Amino acid sequence: MPNPLYVLEVVAAFGLVIFIHELGHFLAAKWCGVHVRKFAIGFGPPILKWQPGETEYSLRPIPLGGFVDLAGEHPDVDEEDNPRALWRRPAWQRVTVFSAGVVMNAVLALVLFTVAPIVGMQVPAPVLGDVLEGSPAARAGLQPGDRLVAIDGEPVLSFDDVRWEVALADPDTTFSLTVERLTEGAGQPERLTLAVTSKQSDMMPMIGIGPETEPVVAALDKRSVPAQAGLEEGDRILAVNGQPVQTGRVLNQTLEEISASPLTLTLERDGQEQALAVDPSKLVVYEFGMLPPILVTSVVKGSPADDADIRRGDRILAVEGKPWPTREALIETVEAVGEGKPVHLTLWREESWFLGLFSEAKRLEVTATPRILEGSEEPKIGVAMGDALEPPLQVGHVEPEGPAADAGLQPGDVIVAIGKDEVQPDDWTELLNLLWEAKGEPVPLEVHRGQETVTTTLRPKAVPQERLTMAGVALAPHYVPLPRILNPLVAMKRGLKQTVVWFRRVYLQLRQLARGGASPKAFGGPILIVRASYIVASYGVGTFLQFWGMISVFLAFINFLPLPPFDGGHVLFALIEGAKGKPISLKVRLWIWSVGWVALLIIFILITYQDVMRWVGGW
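Residue numbers (the numbering used here): 1 to 619.
I should point out that these hints are in silico values taken from the structure, not numbers from a laboratory. Only a predicted model underlies this, so the values are computations on that prediction, with no experimental measurement involved. Hints are supplied without guarantee of correctness; some may be wrong.
Calculated cross-link-like contacts (lysine to any residue; reagent style SDA-like; alpha-carbon spacing at most 20 Å) [unchecked claim]: (1) Lys587 <-> Ile551; (2) Lys439 <-> Asp406; (3) Lys497 <-> Val111; (4) Lys582 <-> Leu572; (5) Lys493 <-> Thr543; (6) Lys493 <-> Val250; (7) Lys282 <-> Gly321; (8) Lys497 <-> Ile551; (9) Lys30 <-> Pro52; (10) Lys38 <-> Pro52.
Use the sequences and the hints to build the structure in full.
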């Protein structure tokens, strides 16, 4: 059940950030002598309104911000005869009015970043909870339990310090990581400095580390075995068969070591301790006997794949003439061919532009010559691989005698509809969710095979489990308190530094997105902000203020982009008009703003849809 206090905090914070932005426009407009017709706190019909002068002030029921109504905000459309209309003011005054909201958001961020350490805040512990096998971090020698001390000589206070530095740097950047490691029998931790080179993932650059976690279910895939076992979001696992677990790492180790079935989980749920009996043999996962095609998620700079012009986003259709390989089969083929001998690959490349509205697809034949790369013992071509989850929903590998093979599906088939209602899944994730929901019952499929349309029925195969794992569960990061800063001047210095740091981070993140180094899936909209804010609220007021300082910076930066219809677009128009000495023609202005609004609407719909899919999918 949602905590009412946290909900109230989220609503208040969301409203405050937007209200402060509009307040900036209001104060600047008054100072510049612009006629302000209305200033509202909240949205919806007025609950209370008063007009002591020319401006109507109102209080409205939806506490998600506010708005200011300026005379002449849209030139040649309204207030043509009003001498105090905004469009009649000098260019520098219009720049002031349109910039004021962004300035106020930056000031709010400074205040929040200053107050947060005074109140006291928590951060993700600078401790490694997970190191992915075969990742750059693993090859460099990092281990779970290592405490991060510094990155490139800069002190580390939070796991996020390292996460952000890596994510916002270019791929193939080498970092110097200083860690402390406590080995068994040693009285003092050993300090090590290791060189780690990042690589591009399907989202952004990474080195393959995860934070130390608590045994708390932060998010849960509804298809997962733990969800079937009865775990719910917010559950804290206190013990497994009576053995206490303090961290997510200990929880996973304990589950691996326990072979008893059934087992008992001791939980804390909604403030109450309770026991949950789990019989893994009664839990199932469903197999479908098919995989999506291989997707190239990153290419090592200077590698054989790079030399062959293999690119991130390419689908691998065949290797050495063998169609639709699995990742394992591709690796085995490359290693079997050997170092210095050519490997022939068939690729499918789709290039898109203008928000994905236009695209071009083509089939390519390339040759890469494997060699021994840094950190590997076998010849490689230098690609990281994932699954091609986005449309078209091609079937890649089909497992012999599996459900897909029994249904007559073939590699290369494109699944276009599923179920009796002929639902058209948006991606492989939705397709798998729909198949899972059938609970082993036959599922009708409509498939495109070349120019032919084929209908068939797939029956998912239920596979009982031998043990309980946390696969499909996102455990909450382990937060630790930072020392409070009681000196206001020191806190303000820290707040100013954080404001600058976050403006830099937002800039680098957007730059990566523009360059294709970050996936749009790494971003979220209002729904994700609200969900994340609710979770952060549980870590205390200071941590909550720090989070909303970050959001305020992000909104300030986005709003000042020189694009219509953002404030930065208004500023750009005002500067152009000031330089020309005359307004931009109404026809040109309306065309530019129309394109801007359409583009913004498309982006908003896509981001909101992405947020909803995360939510509905349990993530």
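Straight-line Cα separation of Lys30 and Pro52 no greater than 20 Å? 14 Å, holds
Take a quick look at whether Lys282 and Gly321 sit within 20 Å of each other, Cα to Cα. 43 Å, violated
Starting from Lys582, check that the Cα of Leu572 is at most 20 Å away, please. Roughly 14 Å separates the two Cα atoms, so the pair holds.
Please work out if Lys493 and Thr543 have their alpha carbons no farther apart than 20 Å. 18 Å, holds
So if I understand the rule, the pair passes when the alpha-carbon distance is 20 Å or less; does Lys497 with Ile551 pass? Holds. Lys497 to Ile551 sits at ~16 Å (cutoff 20 Å).
Between Lys38 and Pro52, does the CA-CA distance stay at or below 20 Å? With a Cα-Cα distance of about 12 Å, the restraint between Lys38 and Pro52 holds, given a limit of 20 Å.
Straight-line alpha-carbon gap Lys439 to Asp406, limit 20 Å: 17 Å, holds
Check whether the Cα positions of Lys493 and Val250 lie no farther apart than 20 Å. Violated, at roughly 39 Å.
Proposed proximity, Val111 with Lys497 (alpha carbon, max 20 Å): 12 Å, holds
Checking one constraint from the list: CA of Lys587 to CA of Ile551, max 20 Å. Satisfied? 35 Å, violated
This entry does not satisfy hints 1, 6, 7, going by the numbered hints stated previously.
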